[in-house]
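Asks: Next come the chains, spelled out residue by residue.
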Amino acid sequence: MEVIRNIFDLSDIPRKDLTVFGIFSLFLLIFPLIPHSSFAMATMIEFLMFSLYGMGWNTIGGYGGQVDLGKAQYAGIGAFTTAVMLIHWNIPFWISAPVGMIFAIIWSFAIGYPLFRMRGHYFAIATIATSLVLLDVFQSWNFVGAAKGLELPLKSMPSLLYLQFRSDTYYYYILLFLFFFGFFYINWFRKSRLGFQLRAIKDNEEVARSLGINVHWCKIKTYAIATSFVAVVGSFHACYNFNIDPEDIMSLDLSILIAMMAMVGGAGSLWGPIIGAAVLIPLKSYLGSWLGGKEGLAGLDLVIYALIIMIIAAFEPRGIWGIVEKARKRGKI
Amino acid sequence: MSAILQVQGVTKDFGGLRANDNISFSVEKGELLGLIGPNGAGKSTLFNCIAGVHPVTAGRIFFEGKEITNLKPHQVARLGLARTFQIFVASGDLSVLENIMVGSFLRTRSRKIARQKAEEILVFMELQEHVDQWVSELPVAAQKRVAMATALATQPRMLLLDEVAAGLNPTEIDQMMGLIRQIHDDRGITVVLIEHVMELVMNLSQRVIVLESGKIIAEGKPEAIKQNPEVIKAYLGERYVAKIAEAEGKA
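As you go down the protein sequences, you meet chains G and U in turn.
Residues are numbered in the working numbering as their position in the first sequence, beginning at 1, plus a constant of 3.
Residues are numbered in the working numbering as their position in the second sequence, beginning at 1, plus a constant of 7.
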């Protein structure tokens with residue numbers, strides 16, 4: 004079974020990296036057992052969610068080099084599918100999440116087909132536009148609660164089926180499972196045929212075409228993969244937060260934050276989104292609480308993100324991981 | 008012998024500029040053909056029309072009897088017609104071996120098979136010492152060999168090489184000549200060369216076609232082409248003619 008071997012094949016990764024990742028994984032596994040505040044737990048859950056968002060974004064944005072700033076629309080499709088199916092038909096998460104994923108993929112084909120005729124900045128701008136259009140649609144669509152969104156009915160008993168728990172620890176472990184699933188999927192993806200073709204496209208589209216690669220179709224396929232990740236996390240978000248509104252789950256802020264995980268951590272690398280989320284989410288979370296939430300300084304975190312993006316764009320386009328790799332080449336690490 | 012490639016009356020206009028003007032020729036299966044001509048003669052445009060990069064303005068192109076006129080580049084590549092580019096740009100996201108694997112993935116989904124195939128071609132193209140380097144770090148000669156190796160990895164039956172000897176030193180040109188000969192003789196691949204390095208093209212080609220201002224002005228064996236006064240004037244230019252005259256004057 005070559006595929007199974009390839010999923011777990013980390014042989015091209017330096018031992019040092021694997022050791023660090025191993026220790027970090029162990030920490031993630033035992034974190035709920037260590038005494039912690041509920042705030043720390045909420046931050047860790049957000050870290051895992053954004054790692055997964057980032058892993059998804061990293062396929063098309065990192066390996067494929069197509070900067071996508073409209074991922075929130077797919078998080079919204081996932082979240083609202085799960086919410087609507089639960090409210091109207093009492094359908095559990097484990098069915099509604101894949102259905103949401105399928106809806107999101109269908110939408111991604113409709114969006115991706117025309118959008119991938121564009122390149123670079125034009126593509127990025129177009130993704131923002133489509134996401135905002137869908138946000139507007141959801142805000143005026145009564146079936147999905149319009150602007151005030153939806154509230155998920157609380158089950159009388161905690162339920163794995165409906166992903167409703169009284170303690171965050173259960174949510175944490177469900178996400179952690181998805182995290183490792185996502186990690187090994189990306190590990191397979193980056194060296195699959197599609198992964199290779201995508202990296203060749205990022206290098207030079209004309210050369211990629213001459214090697215028999217259908218560039219347009221490759222991008223659309225990868226876009227659908229990125230979308231699947233985002234939609235599932237969106238579905239999870241609905242169950243975890245119990246209440247979703249379009250302004251929150253489909254906002255431009257979320258789209259940009261998703262893109263930032265991999266961009267800050269290191270676009271096009273296996274570790275990038277994880278590093279990005281590990282740096283940005285605690286920063287966002289603690290900065291938010293320190294600034295006292297909505298008191299006048301509410302926009303300051305966005306200012307800080309903007310600064311980070313500028314610094315990265317100016318000095319190290321490959322993000323934190325790029326800095327590590329450069330230092331490694333000079334023999335410092 | 009049968010024709011593997013037939014070009015029938017291909018014309019290509021860029022706005023008001025006619026880059027290729029009613030060009031017709033065919034390439035026999037197993038042939039090694041040289042395509043020469045001064046800068047701007049339309050050689051690369053012709054390659055691009057054959058490979059599907061540019062749609063033709065008029066004319067038809069057949070590969071192995073199948074019409075490939077205005078197919079997309081990836082469709083042409085899948086049919087077994089590969090090409091290299093004059094300028095091979097690689098931003099450095101892929102190592103040498105990975106680059107070649109991109110080519111071999113055209114014929115397989117399996118990473119293992121793609122890798123084996125790529126490793127075989129890596130050795131064949133004398134790139135062992137560069138296996139894990141980034142393409143952008145390599146000297147020009149090695150970059151050209153990577154481009155050829157990647158094209159070869161798609162397992163073509165015909166290969167279009169665009170100025171693979173440009174910028175190489177004499178030793179590297181010798182090596183390149185040996186490699187092209189092996190691609191043609193040992194692998195049985197039909198080769199068409201665009202080349203400015205006369206030593207290479209005259210030594211290798213079984214037949215040479217000369218383009219000037221988008222038209223074919225001569226066609227024949229290398230020896231005959233070298234003697235053809237029209238070619239000497241058009242291609243080698245007044246300066247060359249003057250040089251000969253000067254040399255004869257001194258003698």
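Possibly wrong hints are sitting among the right ones.
To be verified - With a cut-off of at most 25 Å between alpha-carbon atoms, the simulated SDA-like pairs for lysine to any residue come out as follows: (1) G:K332 <-> U:E144; (2) G:K194 <-> U:R25; (3) U:K79 <-> G:G198; (4) U:K119 <-> G:F11; (5) U:K79 <-> G:F11; (6) G:K151 <-> G:K194; (7) U:K79 <-> G:N217; (8) G:K194 <-> U:S143; (9) U:K222 <-> U:R25; (10) G:K19 <-> U:Q140; (11) G:K205 <-> U:V147; (12) G:K151 <-> G:W92; (13) U:K36 <-> U:L186; (14) G:K224 <-> G:F245; (15) G:K332 <-> U:G23; (16) G:K332 <-> U:A149; (17) U:K79 <-> U:G23; (18) G:K194 <-> U:I120; (19) U:K119 <-> G:R122; (20) G:K329 <-> U:K119; (21) G:K332 <-> U:S143; (22) G:K205 <-> U:E144; (23) G:K151 <-> G:Y125; (24) U:K119 <-> G:F106; (25) G:K205 <-> G:K287; (26) G:K329 <-> G:G25; (27) G:K329 <-> G:F106; (28) U:K119 <-> G:K287; (29) U:K119 <-> U:V130; (30) G:K205 <-> G:L13; (31) G:K332 <-> U:Q140; (32) U:K79 <-> G:K332; (33) G:K151 <-> G:F106; (34) G:K194 <-> U:E136; (35) G:K19 <-> U:W141; (36) U:K79 <-> G:G68; (37) G:K205 <-> U:G23; (38) G:K205 <-> U:H61.
To be clear, the hints were calculated from the coordinates, so they are not data collected in a lab.
Asks: State for each hint whether it applies.
Replies: How the hints compare with the structure:
1. Between K332 (chain G) and E144 (chain U) the alpha-carbon distance is near 13 Å, which keeps this suggested pair within the 25 Å criterion.
2. At roughly 44 Å between alpha-carbon atoms, K194 (chain G) and R25 (chain U) are farther apart than 25 Å, so this suggested pair is violated.
3. In summary, the hint linking K79 (chain U) to G198 (chain G) is supported, as the alpha carbons are separated by about 22 Å, within the 25 Å threshold.
4. Under the criterion of a C-alpha separation no larger than 25 Å, the hint pairing K119 (chain U) with F11 (chain G) is consistent with the structure, at around 14 Å.
5. A threshold of 25 Å between alpha carbons decides the hint, and for K79 (chain U) with F11 (chain G) the separation of about 36 Å lies outside it, so the pair is violated.
6. Between K151 (chain G) and K194 (chain G), the direct Cα distance comes to roughly 43 Å. Violation of the 25 Å bound is thereby established for this hinted pair.
7. Taking the CA atoms of K79 (chain U) and N217 (chain G), the gap is near 9 Å; set against the 25 Å cutoff, the hint holds.
8. Proximity of K194 (chain G) to S143 (chain U) is assessed by CA-CA distance (about 20 Å); at most 25 Å being required, the pair is judged to hold.
9. Simply put, K222 (chain U) and R25 (chain U) have alpha-carbon atoms about 10 Å apart, close enough for the 25 Å limit, and the pair holds.
10. With a CA separation close to 21 Å, the supplied pair K19 (chain G) and Q140 (chain U) stays within the 25 Å bound.
11. For the proposed pair K205 (chain G) and V147 (chain U), the alpha carbon gap of about 21 Å is at most 25 Å, so the pair holds.
12. A threshold of 25 Å between alpha carbons decides the hint, and for K151 (chain G) with W92 (chain G) the separation of about 21 Å falls inside it, so the pair holds.
13. With a C-alpha separation of about 19 Å, the suggested pairing of K36 (chain U) with L186 (chain U) holds against the 25 Å cut-off.
14. Taking the CA atoms of K224 (chain G) and F245 (chain G), the gap is about 32 Å. The hint is violated against a cut of 25 Å.
15. Taking the CA atoms of K332 (chain G) and G23 (chain U), the gap is near 51 Å; set against the 25 Å cutoff, the hint is violated.
16. Distance hint between K332 (chain G) and A149 (chain U) is fulfilled; the C-alpha atoms sit about 22 Å from each other, no more than 25 Å.
17. This hinted pair checks out: K79 (chain U) and G23 (chain U) have alpha carbons roughly 24 Å apart, not beyond 25 Å.
18. Restraint check for K194 (chain G) and I120 (chain U): the C-alpha separation of about 13 Å stays at or below 25 Å, so the hint holds.
19. Between K119 (chain U) and R122 (chain G), the direct Cα distance comes to roughly 33 Å. Violation of the 25 Å bound is thereby established for this hinted pair.
20. Only pairs whose Cα atoms come within 25 Å are accepted, and K329 (chain G) paired with K119 (chain U) is rejected, the gap being roughly 30 Å.
21. For the hint pairing K332 (chain G) with S143 (chain U), the CA-to-CA distance comes to about 15 Å; that is within 25 Å, so the pair holds.
22. For the suggested pair K205 (chain G) and E144 (chain U), the alpha carbons sit about 18 Å apart, so the restraint of at most 25 Å is met.
23. Proposed proximity of K151 (chain G) and Y125 (chain G) is contradicted: the alpha carbons are some 32 Å apart, above 25 Å.
24. Proximity of K119 (chain U) to F106 (chain G) is assessed by CA-CA distance (about 34 Å); at most 25 Å being required, the pair is judged violated.
25. Restraint check for K205 (chain G) and K287 (chain G): not satisfied, since their Cα atoms lie roughly 31 Å apart, outside the 25 Å limit.
26. With a C-alpha separation of about 23 Å, the suggested pair K329 (chain G) and G25 (chain G) falls inside the 25 Å cut-off, and the hint holds.
27. Taken as a hint, the K329 (chain G) and F106 (chain G) pair is broken in the structure, with Cα atoms around 41 Å apart against an allowance of 25 Å.
28. Simply put, K119 (chain U) and K287 (chain G) have alpha-carbon atoms about 43 Å apart, too far for the 25 Å limit, and the pair is violated.
29. A threshold of 25 Å between alpha carbons decides the hint, and for K119 (chain U) with V130 (chain U) the separation of about 17 Å falls inside it, so the pair holds.
30. Among the hinted pairs, K205 (chain G) with L13 (chain G) is consistent with the structure: their alpha-carbon atoms are about 23 Å apart, no more than 25 Å.
31. With a CA separation close to 12 Å, the supplied pair K332 (chain G) and Q140 (chain U) stays within the 25 Å bound.
32. With a C-alpha separation of about 40 Å, the suggested pair K79 (chain U) and K332 (chain G) falls outside the 25 Å cut-off, and the hint is violated.
33. At roughly 22 Å between alpha-carbon atoms, K151 (chain G) and F106 (chain G) fall within 25 Å of each other, so this suggested pair holds.
34. For the proposed pair K194 (chain G) and E136 (chain U), the alpha carbon gap of about 22 Å is at most 25 Å, so the pair holds.
35. At roughly 22 Å between alpha-carbon atoms, K19 (chain G) and W141 (chain U) fall within 25 Å of each other, so this suggested pair holds.
36. A hinted pair counts as satisfied when its Cα atoms are at most 25 Å apart, and K79 (chain U) with G68 (chain G) qualifies at roughly 22 Å.
37. Restraint check for K205 (chain G) and G23 (chain U): not satisfied, since their Cα atoms lie roughly 33 Å apart, outside the 25 Å limit.
38. Restraint check for K205 (chain G) and H61 (chain U): satisfied, since their Cα atoms lie roughly 21 Å apart, inside the 25 Å limit.
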